[in-house]
Amino acid sequence: MERNERDEATWPALVELERASDHASSLPAQSIVLEGQALKSVIGSYFRYYAAGDTHTARAKRYDLGYFLEFLAGSPERIDLVRVSDWTVERTQAFVDDRLQRGEAPATVSRRLATIKHFGRTLAERVRDFINPAREVRGPVLPTTRPHGLDDDEVRVLRWAADPANYTDNPSFNAYRNQFLVELLLGTGLRADEVRVLTVGQISADQRWLKNVKTKGRKYRNVYLSGTVRACMESYLERRLAALREKTPKALDLSSDILSSMPVLISFYRASPARPSSFGLSPKTIWRVIAETGKRARQNQVDLLGNLHPHRLRHTFAHGLLDSSKDIRLVAQALGHSDVRTTMRYTERSEEEIARAIESAERNS
Numbered sequence: 001m002e003r004n005e006r007d008e009a010t011w012p013a014l015v016e017l018e019r020a021s022d023h024a025s026s027l028p029a030q031s032i033v034l035e036g037q038a039l040k041s042v043i044g045s046y047f048r049y050y051a052a053g054d055t056h057t058a059r060a061k062r063y064d065l066g067y068f069l070e071f072l073a074g075s076p077e078r079i080d081l082v083r084v085s086d087w088t089v090e091r092t093q094a095f096v097d098d099r100l101q102r103g104e105a106p107a108t109v110s111r112r113l114a115t116i117k118h119f120g121r122t123l124a125e126r127v128r129d130f131i132n133p134a135r136e137v138r139g140p141v142l143p144t145t146r147p148h149g150l151d152d153d154e155v156r157v158l159r160w161a162a163d164p165a166n167y168t169d170n171p172s173f174n175a176y177r178n179q180f181l182v183e184l185l186l187g188t189g190l191r192a193d194e195v196r197v198l199t200v201g202q203i204s205a206d207q208r209w210l211k212n213v214k215t216k217g218r219k220y221r222n223v224y225l226s227g228t229v230r231a232c233m234e235s236y237l238e239r240r241l242a243a244l245r246e247k248t249p250k251a252l253d254l255s256s257d258i259l260s261s262m263p264v265l266i267s268f269y270r271a272s273p274a275r276p277s278s279f280g281l282s283p284k285t286i287w288r289v290i291a292e293t294g295k296r297a298r299q300n301q302v303d304l305l306g307n308l309h310p311h312r313l314r315h316t317f318a319h320g321l322l323d324s325s326k327d328i329r330l331v332a333q334a335l336g337h338s339d340v341r342t343t344m345r346y347t348e349r350s351e352e353e354i355a356r357a358i359e360s361a362e363r364n365s
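In terms of the working numbering, the sequence shown opens at residue 1 and continues consecutively.
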């Protein structure tokens with residue numbers, strides 16, 4: 001989601017949709033006629049089932065449909081007046097064109113259209129005679145580009161910047177936690193939202209695997225932990241236990257089942273043993289930790305890292321695994337991609353690489 005998106009808590013379109021979601025009982029059933037219904041209430045039902053929570057994907061869906069509803073209404077004051085029948089092929093295409101004219105990135109517009117299409121497809125599957133108005137709408141043509149990871153020098157600098165010994169004389173628990181977060185993202189290719197909800201019970205007894213990691217497509221996979229990640233995790237878990245004893249000793253009195261359901265990566269800010277899930281990191285915290293680590297690397301070494309974010313570490317893992325294995329399906333499985341075509345992006349080559357290959361072939365001919 002773009003950093004310049006509106007404030008979710010105060011944007012009228014999303015406030016109205018959240019209210020509609022709170023009062024929604026279920027998605028429309030086959031017998032329901034949608035024609036005269038307020039689009040706001042139908043989107044609210046969709047939110048409840050497909051865009052609840054604070055994951056990156058859920059927030060993006062809420063923004064996408066919030067912008068779309070506001071476009072159809074023309075102004076926040078008219079949101080209640082928009083009916084399902086106002087949603088047409090022409091208006092959907094006009095929304096796509098409007099976002100592009102506003103200068104929004106084609107990839108973002110494409111994602112917004114994908115959300116609208118999924119919303120329409122969900123209704124079409126449940127409501128008799130409803131035709132998805134977005135089905136035939138065409139989005140911007142996106143060039144296939146290779147996701148940008150970090151090279152070996154940049155990874156070395158990042159690890160240097162993540163090591164608490166290199167930026168503080170008195171490392172806190174959070175400093176060691178943040179170092180483990182960096183190693184975990186680099187060494188597994190997990191998404192930020194996947195890392196955030198990892199629980200202690202998902203760590204295998206021999207600490208070599210993370211079990212049943214839920215992917216973006218609601219499937220599950222087991223994730224292998226390399227020796228580097230295991231060593232960092234072992235050290236972190238010892239400090240985690242010591243911090244729990246010091247800061248919230250009552251947490252250790254909880255049953256083993258509850259302790260195993262607690263997040264691996266924890267924060268004590270507003271955390272309570274009565275709510276074990278309250279120890280988890282927020283999405284913003286994970287993004288901030290990675291960004292600040294990248295900034296520290298730039299200040300102390302060289303400007304290698306650009307705008308660092310968690311997904312760039314995922315790209316780094318993917319490139320490294322593909323280079324070493326030469327097996328695109330293996331990489332797809334490791335990343336949790338449901339479609340290998342998504343993974344194929346990592347095989348794209350830049351114009352400079354093509355030019356070097358041609359020059360090399362000419363010299364060798």
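Worth double-checking, as some hints may not be accurate.
[As the list claims (entries may be wrong)] Label pairs and their in silico Cβ distance ranges:
1. Glu77 x Ser277: 36 to 42 Å
2. Leu237 x Arg102: 45 to 51 Å
3. Glu77 x Ile258: 33 to 39 Å
4. Arg356 x Gln299: 31 to 37 Å
5. Gly36 x Leu237: 26 to 32 Å
6. Ser360 x Asp339: 41 to 47 Å
7. Gly201 x Gln37: 39 to 45 Å
8. Thr347 x Arg102: 31 to 37 Å
[Unchecked claim] No farther apart than 20 Å at their CA atoms in a straight line, the calculated lysine to aspartate or glutamate pairs in the EDC-like style are these:
9. Lys117 x Asp97
10. Lys326 x Asp339
11. Lys219 x Glu104
12. Lys211 x Glu234
13. Lys250 x Glu238
14. Lys295 x Glu104
15. Lys216 x Asp54
16. Lys219 x Asp193
17. Lys295 x Asp97
18. Lys117 x Glu104
Think of the hints as simulated: they come from the structure by calculation, not from any bench.
Owing to the predicted nature of the structure, the values given are computational and were not obtained by experimental measurement.
Where a beta carbon is used, it is the ideal one built from N, C-alpha and C, also for glycine.
Quick one, are Lys295 and Asp97 close enough, alpha carbons at most 20 Å?
violated, 36 Å
Mind checking the alpha carbons of Lys117 and Glu104 for me, to see if they're no more than 20 Å apart?
Satisfied, since the Cα-Cα distance of roughly 19 Å is no more than 20 Å.
How does the Cβ-Cβ distance of Leu237 and Arg102 compare with 45 to 51 Å: does it lie in that range?
With Cβ atoms ~47 Å apart, the hint holds.
Against the range 26 to 32 Å, how does the distance between the Cβ atoms of Gly36 and Leu237 compare: consistent or not?
Since Gly36 and Leu237 have Cβ atoms about 57 Å apart, the given range 26 to 32 Å is violated.
Straight-line alpha-carbon gap Lys219 to Asp193, limit 20 Å
The hint holds at about 14 Å.
20 Å Cα cutoff - pair Lys211, Glu234:
Distance of about 17 Å is within 20 Å: holds.
Just to be sure I understand the hint, the distance between the Cβ atoms of Gly201 and Gln37 should be within 39 to 45 Å; is that true here?
With a Cβ separation near 43 Å, Gly201 and Gln37 satisfy 39 to 45 Å, so the hint holds.
Verify the proposed pairing of Lys117 with Asp97, using a straight-line Cα cut of 20 Å.
Distance of about 16 Å is within 20 Å: holds.
Going straight from one Cα to the other, do Lys250 and Glu238 come out at no more than 20 Å?
OK: Lys250 and Glu238 at ~18 Å, within 20 Å.
Ser360 paired with Asp339, Cβ distance criterion 41 to 47 Å
violated, 33 Å
Within a Cα-Cα threshold of 20 Å, do Lys295 and Glu104 meet the stated pairing?
Answer violated: Lys295 to Glu104 is near 26 Å, above 20 Å.
Tell me if the straight-line CA distance from Lys216 to Asp54 falls inside 20 Å.
Satisfied, since the Cα-Cα distance of roughly 13 Å is no more than 20 Å.
In the structure shown, a violation is registered for the earlier hints numbered 3, 5, 6, 11, 14, 17, in ascending order.
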